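Visitor: As you go down the protein sequences, you meet chains A and B in turn.
Mapping the first sequence onto the UniProt record's numbering, position 363 (from 1) lands on 363, and the numbers just tick up by one.
Mapping the second sequence onto the UniProt record's numbering, position 187 (from 1) lands on 187, and the numbers just tick up by one.
You may find that some hints are simply not true.
For each label pair, taking beta carbons as the anchor points, the in silico distance ranges come out as [what the hints assert, rightly or not]:
no. : chain 1 : residue 1 : chain 2 : residue 2 : range
1   : A       : E339      : B       : G339      : 43 to 49 Å
2   : A       : R187      : B       : Q333      : 41 to 47 Å
3   : A       : E56       : B       : A337      : 34 to 40 Å
4   : A       : R187      : B       : P306      : 52 to 58 Å
5   : A       : Q172      : B       : A221      : 48 to 54 Å
6   : A       : H188      : B       : D30       : 57 to 63 Å
7   : A       : G74       : B       : G286      : 46 to 52 Å
8   : B       : P306      : A       : A282      : 47 to 53 Å
9   : B       : G17       : A       : R108      : 38 to 44 Å
10  : B       : A10       : A       : D137      : 49 to 55 Å
11  : A       : D2        : B       : T266      : 41 to 47 Å
12  : A       : E14       : B       : A337      : 26 to 32 Å
13  : B       : N2        : A       : S140      : 35 to 41 Å
The following residues of chain B were derived to be distant from chain A, with all beta-carbon distances above 12 Å [unchecked claim]:
no. : residue
14  : S57
15  : H138
16  : D174
17  : I255
Calculated from the model, a selection of chain B residues having no Cβ within reach of chain A, i.e. all distances over 12 Å [stated by the list, open to error]:
no. : residue
18  : K18
19  : G109
20  : Q122
21  : G125
22  : Q146
23  : R151
24  : L193
25  : V220
26  : F236
27  : A256
Just so you know, these hints were derived from the structure itself, not from any lab.
As the structure is a prediction and not an experimental result, all values here were calculated from the model.
Quick reminder that beta carbons are idealized off the backbone N, C-alpha and C, glycines included.
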Amino acid sequence: MDLWNLRPVTLPAELETLRRDIRAFLGAELAAGRFTPRCDQWLGGWDASFSRRLGERGWIGMAFPEQYGGRQAGALARFVVTEELLAAGAPVAAHWIADRQTGPGLLRFGTEEQKHTYLPGIARGERFFAVGLSEPDTGSDLASVRTRATRVVDGWRLSGTKVWTSGAHHAQTLVVLARTAAPAADRHAGLGQFIIDLPHPAVQIRPIRLLTGEHHFNEVVLDEVFVPDARVLGEPGDGWHQVTHELAMERSGPERILSTFPLLAVATESLAAAGRLGERCALGSVVARLWALRQMSLAVAGRLEAGGVPAVEAAAVKDLGTRFENTVIDCVRMLTQVEPDPGATDELPRMLAEAVLHSPGFTLRGGTNEILRGVIARQLGVR
Amino acid sequence: MNDIIEALDASVRSVCGKYGADDEALRRTDGWNPSLWSALESIGVTTLSVPEEYGGSGGDVVTAVAVLEVLGEYAAAVPFAETALLAGRLLAGCGVQVPPGPLAAIVAGPELQVQPTVGGVQMSGVARRVPWARAAEHLVVLAEDQVILLRRAEGLVAQGTNIAGEPRDDVAFDCTVPAERVYWLRGEPQRVLREQRLRTTLARAALIAGAARRALELTVAYAGEREQFGRPIKKFQAVQQHLAAMAGEVLLTKIAVEAAAVAVDTDSGAEVAVAAAKTVAGQAAGLVASLAHQIHGALGYTEEHPLRHSTTRLWAWRDEAGNEAACSAVLDQHVLAAGKGGLWPLISGAAYVPVPTKESR
Chain A
1 MDLWNLRPVT
11 LPAELETLRR
21 DIRAFLGAEL
31 AAGRFTPRCD
41 QWLGGWDASF
51 SRRLGERGWI
61 GMAFPEQYGG
71 RQAGALARFV
81 VTEELLAAGA
91 PVAAHWIADR
101 QTGPGLLRFG
111 TEEQKHTYLP
121 GIARGERFFA
131 VGLSEPDTGS
141 DLASVRTRAT
151 RVVDGWRLSG
161 TKVWTSGAHH
171 AQTLVVLART
181 AAPAADRHAG
191 LGQFIIDLPH
201 PAVQIRPIRL
211 LTGEHHFNEV
221 VLDEVFVPDA
231 RVLGEPGDGW
241 HQVTHELAME
251 RSGPERILST
261 FPLLAVATES
271 LAAAGRLGER
281 CALGSVVARL
291 WALRQMSLAV
301 AGRLEAGGVP
311 AVEAAAVKDL
321 GTRFENTVID
331 CVRMLTQVEP
341 DPGATDELPR
351 MLAEAVLHSP
361 GFTLRGGTNE
371 ILRGVIARQL
381 GVR
Chain B
1 MNDIIEALDA
11 SVRSVCGKYG
21 ADDEALRRTD
31 GWNPSLWSAL
41 ESIGVTTLSV
51 PEEYGGSGGD
61 VVTAVAVLEV
71 LGEYAAAVPF
81 AETALLAGRL
91 LAGCGVQVPP
101 GPLAAIVAGP
111 ELQVQPTVGG
121 VQMSGVARRV
131 PWARAAEHLV
141 VLAEDQVILL
151 RRAEGLVAQG
161 TNIAGEPRDD
171 VAFDCTVPAE
181 RVYWLRGEPQ
191 RVLREQRLRT
201 TLARAALIAG
211 AARRALELTV
221 AYAGEREQFG
231 RPIKKFQAVQ
241 QHLAAMAGEV
251 LLTKIAVEAA
261 AVAVDTDSGA
271 EVAVAAAKTV
281 AGQAAGLVAS
291 LAHQIHGALG
301 YTEEHPLRHS
311 TTRLWAWRDE
321 AGNEAACSAV
331 LDQHVLAAGK
341 GGLWPLISGA
351 AYVPVPTKES
361 R
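All chains should be modelled from the sequences, with the hints used to inform the complete structure.
Guide: As structure tokens, then:
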């Protein structure tokens with residue numbers, strides 16, 4: 001079974017230099033009070049100026065070739081940048097989707113004109129994307145999308161409703177998955193991806209607020225939106241393959257492990273300050289798992305860098321990692337005995353509140369854990 | 001996988017397949033498998049990670065760990081870790097040739113006294129639960145700054161086992177060992193002891209990785225054969241979800257163990273890495289064993305079914321060389337020592353650059 005060929009990765013020395021540079025940058029940002037560390041910042045931390053400062057340093061779209069504003073860095077370099085940003089609780093939501101999936105998708109499936117139009121802006125940390133995948137009746141069963149793309153002269157006309165579209169109210173560009181042909185026996189056939197610049201008169205964006213009242217998700221209604229042929233991404237009909245390729249890549253990153261790490265770091269410091277570290281082993285077992293999960297996520301990044309498509313390994317990282325993110329919360333609760341308080345000025349109760357209130361999303365976004373386990377089960381040959 | 005490890009993996013697999021455990025044979029040979037040992041010896045595996053100039057076949061800890069994973073899969077009743085990674089490397093560390101044949105490794109504890117005497121050392125007392133002592137031709141004892149090489153017959157072996165039936169013998173000593181078999185450590189004693197403990201713990205974690213993989217494979221196969229309610233039980237989502245959960249733990253353990261082996265070879269964050277790997281292996285051992293039995297139903301709970309070879313070892317090995325609590329406590333100490341802002345560098349294994357915080361602004 002291919003699963004057992006996954007091997008650990010040792011980062012080359014130049015990436016440790018890169019890591020030092022990012023740490024120094026983050027240290028300076030914190031010292032200047034330019035951001036406040038928080039949990040789950042790749043969903044919640046939209047800060048366009050922070051993204052631009054990262055872009056100036058070449059830390060967004062790193063994998064792009066130089067002519068599109070990148071530095072042709074590999075998956076491991078991006079891994080180092082990403083994990084340092086997440087561990088520090090930095091606000092990375094603005095460029096997150098563009099850097100992680102839309103950029104690589106454009107690079108792989110886009111036309112030359114599309115690449116020149118979009119990739120340099122992504123790499124500068126100026127052009128932000130949202131992706132319209134889920135629908136009111138389509139969650140994990142992505143092949144059931146009903147948003148319709150109808151062929152017209154010189155393009156397509158799109159109608160339908162997308163939900164849970166993170167950041168659509170800020171993003172300059174939206175990529176929509178839509179049905180280009182009626183559902184057939186092969187449910188995965190007849191889908192396509194379409195690029196729509198925002199704001200657009202025929203696209204309505206309405207907030208879907210989280211249980212905290214925060215506005216990150218949106219409902220996006222497309223009412224006869226004309227998309228010219230030049231803004232079709234890849235091949236009409238091949239959308240399923242394109243999207244699942246992106247999803248496989250987005251499942252294994254450090255953001256599936258580290259969403260609650262800033263909480264763990266703050267709790268550790270609070271326990272140490274109170275002289276209460278080392279009295280129980282609960283923290284050690286969490287640290288052990290975090291260390292191992294990071295090695296596994298890194299190993300998948302190594303496989304990606306070598307040109308592999310480790311979709312099943314990625315699913316395993318996400319299943320284990322996102323459950324771990326919740327374990328961190330329980331560990332901190334038990335060890336610190338602090339009451340979560342979103343309005344607290346102290347970091348620990350505030351972060352605990354943020355983590356608890358964001359926790360339902362961890363094991364839902366990007367494919368529920370039940371779906372991921374189904375992916376693994378198929379590899380095991382039992383489905 | 002690099003080519004050397006891939007070739008080694010294949011040849012150890014083939015030898016284990018040929019000379020693998022047969023309960024009846026094991027009973028006749030006191031619970032170990034001498035024919036498998038000879039076969040491993042003939043392909044040059046038994047002294048892997050011991051430098052060639054000291055009679056070993058070279059290689060690093062990463063290579064030895066790859067072999068241990070396969071031996072764990074096959075529930076191989078041979079003292080490979082003890083001979084190669086532990087006793088063999090101790091002797092080589094003193095600049096001494098490693099004798100042929102299986103070895104057992106002992107770290108002298110408070111119950112074992114080693115005193116200088118005319119022409120050598122006087123040994124008295126007992127070493128408890130020594131893995132494979134009865135199978136060893138020589139016993140290698142680490143006593144502070146000395147390493148002592150004994151013939152097995154110089155100790156009195158009282159047989160004991162772990163819950164998988166593997167030899168864990170008490171060895172009593174009352175003998176004088178001549179000076180030509182007493183060696184001085186070349187390295188700093190505390191460091192040698194620390195490294196010996198790390199390799200002991202890593203070896204058990206690597207065996208767990210292999211046994212867990214076998215338990216999963218047996219369970220996947222069984223779920224495809226066993227029919228209930230008119231279909232194979234693998235068709236039930238509840239069973240599929242259990243199997244997927246097992247696979248995740250097995251993969252996590254494998255990666256953790258192999259990454260820890262790299263950390264030991266490069267001496268970078270080895271103590272954190274090994275403690276983390278054994279903690280994760282211990283957690284996985286419990287989960288994988290219980291789900292494997294759950295899916296096998298009552299059949300897996302019987303002596304006639306091979307599942308027990310894997311699960312009894314998982315249960316035994318998780319408590320040997322430091323269980324989850326003991327290894328977690330090691331990590332707790334590291335977290336404490338890392339201090340403010342030190343948790344992430346500890347995890348990422350990178351040199352720590354202090355990040356200014358609000359208080360220090």
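Visitor: The structure should be examined with respect to each hint, and the outcome stated for every one.
Guide: Results of checking the hints against the structure:
About 26 Å separates the C-beta atoms of E339/A and G339/B, a value inconsistent with the hinted range of 43 to 49 Å. The hinted range of 41 to 47 Å is not satisfied by R187/A and Q333/B, whose Cβ atoms lie roughly 54 Å apart. The hinted range of 34 to 40 Å is satisfied by E56/A and A337/B, whose Cβ atoms lie roughly 37 Å apart. For R187/A and P306/B, the hinted distance range of 52 to 58 Å is not satisfied, since their beta carbons lie about 41 Å from each other.
Distance hint check for Q172/A and A221/B: the Cβ-Cβ separation is about 53 Å, which falls inside the suggested range of 48 to 54 Å. Restraint check, H188/A to D30/B: a C-beta distance of roughly 59 Å satisfies the suggested window 57 to 63 Å. Distance hint check: the CB atoms of G74/A and G286/B are about 37 Å apart, inconsistent with the given range 46 to 52 Å. Here the CB-CB span from P306/B to A282/A is close to 36 Å, at odds with the stated 47 to 53 Å.
At about 43 Å, the beta-carbon gap between G17/B and R108/A stays in the expected band of 38 to 44 Å. Between A10/B and D137/A the beta carbons are some 50 Å apart, a value that agrees with the proposed interval 49 to 55 Å. The hint said 41 to 47 Å for the Cβ distance between D2/A and T266/B, and at roughly 27 Å that hint is violated. At about 29 Å, the CB distance of E14/A to A337/B agrees with the hint of 26 to 32 Å.
Checked against the given bound of 35 to 41 Å, the beta carbons of N2/B and S140/A, roughly 38 Å apart, stay inside it. Its beta-carbon lying about 22 Å from the closest one in chain A, S57/B satisfies the requirement of being farther than 12 Å from that chain. Every Cβ of chain A is farther than 12 Å from the Cβ of H138/B; the closest lies at roughly 34 Å, confirming the non-interface assignment. Non-interface status of D174/B relative to chain A is upheld: no Cβ of that chain comes within 12 Å, the nearest being about 39 Å off.
Not every CB of chain A lies more than 12 Å from the CB of I255/B, the least distance being 5 Å, so the non-interface label is violated. With a least CB separation of 21 Å from chain A, K18/B remains clear of the 12 Å interface cut-off, as annotated. Non-interface status of G109/B relative to chain A is upheld: no Cβ of that chain comes within 12 Å, the nearest being about 23 Å off. At roughly 40 Å from the closest C-beta of chain A, the C-beta of Q122/B stays outside 12 Å, upholding its exclusion from the interface.
With a least CB separation of 31 Å from chain A, G125/B remains clear of the 12 Å interface cut-off, as annotated. With a closest Cβ-Cβ approach of about 33 Å to chain A, Q146/B is found to remain outside the 12 Å limit, as its non-interface label requires. Every CB of chain A lies more than 12 Å from the CB of R151/B, the least distance being 40 Å, so the non-interface label holds. For L193/B, the condition that its CB be more than 12 Å from all CB atoms of chain A holds, with the nearest at approximately 21 Å.
The claim that V220/B is not at the interface with chain A is violated, since a C-beta of that chain comes within 12 Å of its own (minimum 5 Å). For F236/B, the condition that its CB be more than 12 Å from all CB atoms of chain A is violated, with the nearest at approximately 9 Å. Not every CB of chain A is more than 12 Å from the CB of A256/B (nearest about 4 Å), against its label as outside the interface.
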